[in-house]
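J.: Okay, here's what each chain looks like letter by letter:
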Amino acid sequence: MTTNPLPQSPLLDATGVAKNYGAVAALRNASLSVLPGEVHALMGANGAGKSTLVKILTGAIKADAGRILIRGQQLDVRTPAAARRAGLLPVYQEPSLIPDLDVLSNLRLTGTPVEPFRAWVRELGIPDLDIRETARHVPLAILRVLDLARALAVEPDVLLLDEMTAALPANLAEKVLEVVRRQGDAGRSVIFISHRFVEISALCDRATVLRDGATVGVVDIEPGIEERIVEMMLGTRIEKTRVAARAANEGAVAGDGRPRLSVRNLQLGTKLNDVSFDLANGEVAGVFALEGQGQDELFAALAGSIRPTGGSIDVDGAPVKFSHPSDAIQAGIAYVPGDRAEALAMQRSVRENIALPFSAAPRKWGPIRMRREQVVVSGAIGRLQIDTRAQGEVQRLSGGNQQKVTIARWIAANARTILCFDPTRGIDVGTKQEIYKLLRELAGQGKSVLFYTSEMEEVQRVCDRVIVIFGGRVVDTFPVEDADEAALMRAAYGLPRGARADVGILAEVKPGSSAEAAS
Amino acid sequence: AGKYTIGISNTVQGNGWREEMICAMKAQALASGEVAKLNIAHRNTDAAGQLEDIRNLISAKVDAIVVNPADPAGIKAGLEEATKAGIVVVAVDQAVTEPSAYIISNNQEQYAYLGAKWLFQQMGGKGEVLYMRGAAGASADSDRDKGFKKALAEFPDVKVAQEVFTGWQQDQAKQQILSFLATGTPINGIWTSGIDNVIVDALVEQQAPMVPVVGADNAGFVGQLSSVKGLVGAAVTNPGSIGGAGVTLALQILDGKKPAQQTVLVEPQLWENATDEGKAKLKSVVDPSLSPEWPVSISIPDWTTYTKDQIIACKGPGE
Amino acid sequence: MSRFLRNQGWVAGLFALLIFVFVVTKLIQPGYGSGDFGSLARAVLPYAFAVAAQTVVVIAGGIDLSVAAMMALTSVTAASMMNGASEEYALFVVPFVLAMGLVLGALNGVLIVVTRVPDIVVTLAMLFVLQGAALLVLGAPGGAAAEWLKASVIGTAPIPGLPDWADAWVPKALVLLVVCLCIVWIPLRRSRLGLSIYAIGSDELAAFRSGVPVARTRIVAYALSGLFAVMGGLSLTISTGIGAPIPGPYLLASVAAVVLGGVALGGGKGGLLGPIIAVFVLRLVRTDLTLLAIDPNVTAIIEGAIMVAVVMFGAFITIRGRPVGATP
Amino acid sequence: MTDIATMPQPVSFGRRLKRFMADRPLIPLIILLIILVAILQVLRPGIVNERWIANTAKFAIPLAILAGCQTMTMLTGGIDLSVGTVATMSAFIMATQIVNQDPAVAFLLAMLPAVLIGFVNGIGVGVFRVHPLIMTLGTSLIGTGFLQVYQRTVIASGAKIPDFLNWLGIGLTYGFPNALFLFVPVAVLIVFMLNRTGFGRLLYAVGDNERAARLSGVRYWQVITALYVLSSLLAGITGLLYIGLIKAPSLSLAEPLVLPSVAAAVIGGTSIFGGRGGYTGTIVGALILTVLTTLLTILQMPEGGRRILFGFIVLFVTAAYLRIIEDR
Ligand SMILES: Nc1ncnc2c1ncn2[C@@H]1O[C@H](COP(=O)(O)OP(=O)(O)OP(=O)(O)O)[C@@H](O)[C@H]1O
Ligand SMILES: Nc1ncnc2c1ncn2[C@@H]1O[C@H](COP(=O)(O)OP(=O)(O)OP(=O)(O)O)[C@@H](O)[C@H]1O
Ligand SMILES: [Mg+2]
Ligand SMILES: [Mg+2]
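Residue numbers (my numbering), protein chains in the order written: chain A, 333 to 851; chain B, 19 to 337; chain C, -19 to 308; chain D, 2 to 329.
Hints are computed from structural coordinates only; laboratory data are not their basis. Treat the hints loosely; a few may be bogus.
Said to hold, decoys possible - Computed cross-link-like contacts, DMTMM-like style, restricted to lysine to aspartate or glutamate with a CA-CA straight-line distance of at most 20 Å: (1) K55/B x D275/C; (2) K130/C x E98/B; (3) K130/C x D16/C; (4) K6/C x D147/C; (5) K79/B x D16/C; (6) K168/B x E127/B; (7) K130/C x E99/B; (8) K161/D x D305/B; (9) K275/B x E52/B; (10) K333/B x D275/C; (11) K161/D x D103/D; (12) K247/B x D294/B; (13) K135/B x E172/B; (14) K6/C x D16/C; (15) K79/B x D147/C; (16) K276/B x E127/B; (17) K769/A x E789/A; (18) K144/B x E172/B; (19) K394/A x E184/C; (20) K164/B x D175/B; (21) K326/B x D305/B; (22) K19/D x D648/A; (23) K696/A x E211/D; (24) K79/B x E52/B; (25) K135/B x E285/B; (26) K653/A x D606/A; (27) K152/C x E52/B; (28) K161/D x E295/B; (29) K102/B x D16/C; (30) K247/B x E285/B.
As the list claims (entries may be wrong) - Residues from chain B that face chain C, not an exhaustive set, calculated with beta carbons under 8 Å: (31) T63; (32) D71; (33) R73; (34) G92; (35) K94; (36) A156.
Because the structure is a prediction, the values reported are computed rather than measured. Note that beta-carbon positions come from the ideal geometry of N, C-alpha and C, so glycine has one too.
Excised from the complex, chain A in its bound form (with noise of 0.2 Å):
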């Protein structure tokens, strides 16, 4: 059962890779071959098994069968420590930076060469790293980037990035294609996890496709391909239904017309300057941003986590205060964050999380009804499509999945207005496209949306307006007919409306090449 060490022998090589938890199988039959000097992307849906198979070939855990050949050879990855030694690095899709340590500490314990490690940095768009301090204090996207100069300082043979984008505003996402590709280039290889087509298509060469924990094909990454991917992915579960964004005066405003939610020069210390806008019952409105512009601040003042120093904020025409975000709820605005990490008591059950919001106020402390509750929470569990094999503690849901109960506990409570904070991050296209079509459907409910996201695609394909913030204040506001991506990109960084993107690897992706605006 040699392998023939051909001239292109796969640097990594797995197969029939098994792993149980309880009675849920997250992986069943799974292979992954990758060849030198290739950007190899692993594709699936939510729960697929994809970071699984990570972790198993990174020797985070062990599995329960299968066979890994790293260069032709039987290697005891027992540890990441060994995987490290054996020339894999991973970045996992949760941060794996020591909280409490700074960063010059973080590499240290890893033995990682600083010099290098700040070249990286500096390559993957963050000037201004202060090397002292706290992991703890440093945002979620920058933690992310300091990942993976942490795993290249090291000139790994193969790096595994499990979506690694997810959490990244587009700016920084560009950056990290770019570096991944020179990869590629240089004749290292990479292991590309990732639910975004632009990205898989602008970089990598071949695909293996995951499929309820089981390699169910690998293909070359040429055009076009994108609708046979999603076709394996998702097996018999294809959804072909465009989710339209409602044209301009569509639909009319519900009620007096008084906006649902208006803000009026809300100011957070230097984070937020003068911000101001309206949001109208029925409407999904989009904001977008690049990374570390107030559009955190701005959501969490909406939500109650933080007070604004000065503004106001009026819901339904009456002045509100919100201290915390139970009085933000009273009023009908709901939170949900994008780090899920945040939302979820991660050890409870899905049930419990999503009927959290029932108990908590002091007069709902008393017994519960138990099947009215049923009721209404798994009606949220089907609307959302999650998947609830591992339902008795969130935290052995896939990342996706888990993402998909933050947003069902508001659908189960009926909030009237949703704030979501880049929902969408870390979902498949299939999962995707419901959550647009549930967002649409909440609008036309009379219900409203404020919706922060990192990808442009998702303001074109569900918003009816776009505010875009930079430095902390609103720069623009267009609908969406406007919004094509070289607005969007130009308005973002500050720049005028109607010039053109013509810069970074995604400007080079054809409009309209990719698998989602086809599906």
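Here the structure of chain A is known, so what remains is to put chains B, C and D with the ligands in place on it, guided by the hints.
T.: Only chains B, C and D with the ligands this time, still in chain A's reference frame:
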């Protein structure tokens, strides 16, 4: 008002006997009229902690220190420093190894010997005894063990059915005796290290055969000796008022009346209810108004001068 | 600067508090001098080692309930070995018990790693085991300590180049404490092992994924804790001249001082300096309470209130000082 | 798809049994309890009789209620070390106030400090974010201090155990301890509360991820304050039950129950880090500890050996339990 400041160091808190000791010290200081201020270090700690307290008392420049030692040898260095600083040192309740210190102590070995001997006689010199000790590793407990073993040696037909450590805790002792009674092992007598009334309670509650019980002169137990039907038993005195005696001794020394001996031992007495004269004695000492954990011997003739009201008020000079 | 305050502000604040309490002491008892400071240093000794032992494991994300029992066991072992033995024999006893502490501490760690039972239960079980062992070694307080050992904490250390008056404020006990702690702590802090200890306390999963040998690091942390606990046990034997099988009040005191010292009970944060200063503050407050001749029952109330108040204050300034938008 | 080769093999009986137990963690715990009782019976044939069972229940009940306090607080990532002091205070105040007061008044007076301490704990932990260990340790010190001051004011009036507490503490009805009249409702209430009420849900949620709870509209301080008041109230009631059982009011009455109450909760499968556990396991945990204490009492061996054995058995029981229920 008096002229002296007296420091007190004690390392067990929340125990009835020790609380009575502290109150006796306060009452005696007040009754003597010679003490301006008491400086009391009273907490749960070990020998090293007591050394700290003693040194703090030296820093506070007290005239005398009355100490109930956590360990006879362990605080030698501190007591030596105190003597060097011109402070009179009196140890109460237990002896100390520091030669310059004066000692007025209950004789713990004798305490155990007296009670055990009486018990074994009651048992007719043979049978099984339940031996309920104090806290494992405490020096008072090992002194009492010596006395108990001495008596045991004199009665070769008496056997220890079971030896347990109560840790001087009421709840632990009660659980132990109940567990033991449940085994159905026959016994002929029970010796306790002063955790006594819960034992009698247990015998009554479980309707177990009444066997002779030896305890200390705690108010609760003394009361039981004259009220519980069928109970034969003896209380061996172990006065907490020894603290008051310690203050008296310290004041005498400060006033220049040194005692003839460095060590004064207060010998325990045994009050039993097996004889009529014993019963009469018990009647005269029984005191239901006291908390059951407090020893009834709230004073020591010749050594303490306060009244019962004074010790119960538990107020020192200046309070 | 703001980062310094964020990282070291608590320790600096504690130090200021210590100075303040010291001034108060001087006001209460103007005669409070270098000799009294020496007493303080000696009183601090066992607490400081107990706290150091606790700090290491708390930083590693655990807790060690067996600290005081370990001190008792090593104290009786040392005292009974030195009983009736020659002065020189103690030269062997000290390294022997130190090694014993390392081994027993490592045993704690191994049991935690192998049984996968939570730290708090394993060390609670070990508390009973070690207490039992101490009782088997010595059924009642006893034993002895070598004279040279006893002398090692009495008096002051002549430090060359220091004027006599200053020398008087450098008690041997303090020197011993500083030397023992630094010998272990400073090299550790600078090593990758030290970082690993912080790492497993901060985020065990991330540490494992960063290639830290989690099990081995945890065992080492407990072994070091054992080592410090032995130093504490030895200091008990040295100061009292005996070994006592019943553990003193060092367990809860160590946990309290760890928290007062700014070490988070979840792990990963803090250092050794804070908890040690906290011990000094607590002991000095004890001195003040004695000097003031405060009703002993009230002192319990005061000590509890101080503990709560300091931590409350600390929590309060952290809440206030949290940068805007840090947790959106 | 030819993935038959990697399909999981037909599940063996042992594996099925293990999975069965993992889904019902109470069963292995009860089996462990039965094993301990069997050992006891072998060592002392005839000991396991009706009377012994009643006695065991009597002692396990107060422990189990206090362990209930620990379970609830541990679910939120906290701990309540003040339960011992609170129980002691209630008991002591009840026994001394009943002498001159109406029973109802005495009862209210006895419950007052419990509510107060619980409230202070709750505010400290919930609003000021003091670590629960420090907060409850602090209030327990303060409470002890007040109790000692109080104690001196009532020395003269003496103490008395009211008859109804006596009945509750030691009485039997058809061979069943009357304490069950108190315990069964309390236990049912706690279990119901944890599983089927909004408040119970919040305890788990807050302990698991406080930020998530906050974003769902939960006000942390409300939950925590209610929790600690409830915990203190239960502790106070336990104190009354316990004084009826022990019948000797002392200033340290219930202190010895504190560490075992934590141990019972942990043995019963509650995580000290929060978010995981339940009360039924805790009850069995309390029974296991009580039986273990009996077992060791009747063993003829030196005290040191007994403690060593106790430690190892606790460790073994917990490790075995974890092995059985973890399904990996
Ligand atoms: N610790 C665990 N316990 C139980 N089940 C688990 C555990 N970890 C993962 N699973 C299950 O294994 C399956 C695969 O999960 P995995 O995280 O590999 O998916 P993924 O392909 O990375 O999905 P996503 O795109 O959503 O991140 C899921 O069904 C998940 O519920
Ligand atoms: N315990 C529960 N179980 C199931 N669904 C619930 C529960 N509590 C609330 N809901 C659902 O959540 C939605 C909003 O509930 P919310 O508590 O915000 O309403 P409310 O007006 O405050 O409630 P109420 O009318 O009881 O005062 C409702 O549609 C309701 O069906
Ligand atoms: Mg994943
Ligand atoms: Mg995902």
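J.: For this structure, which hints from the list above don't hold up?
T.: The structure breaks hints 15, 16, 22, 27, 28 and 30; every other hint is satisfied.
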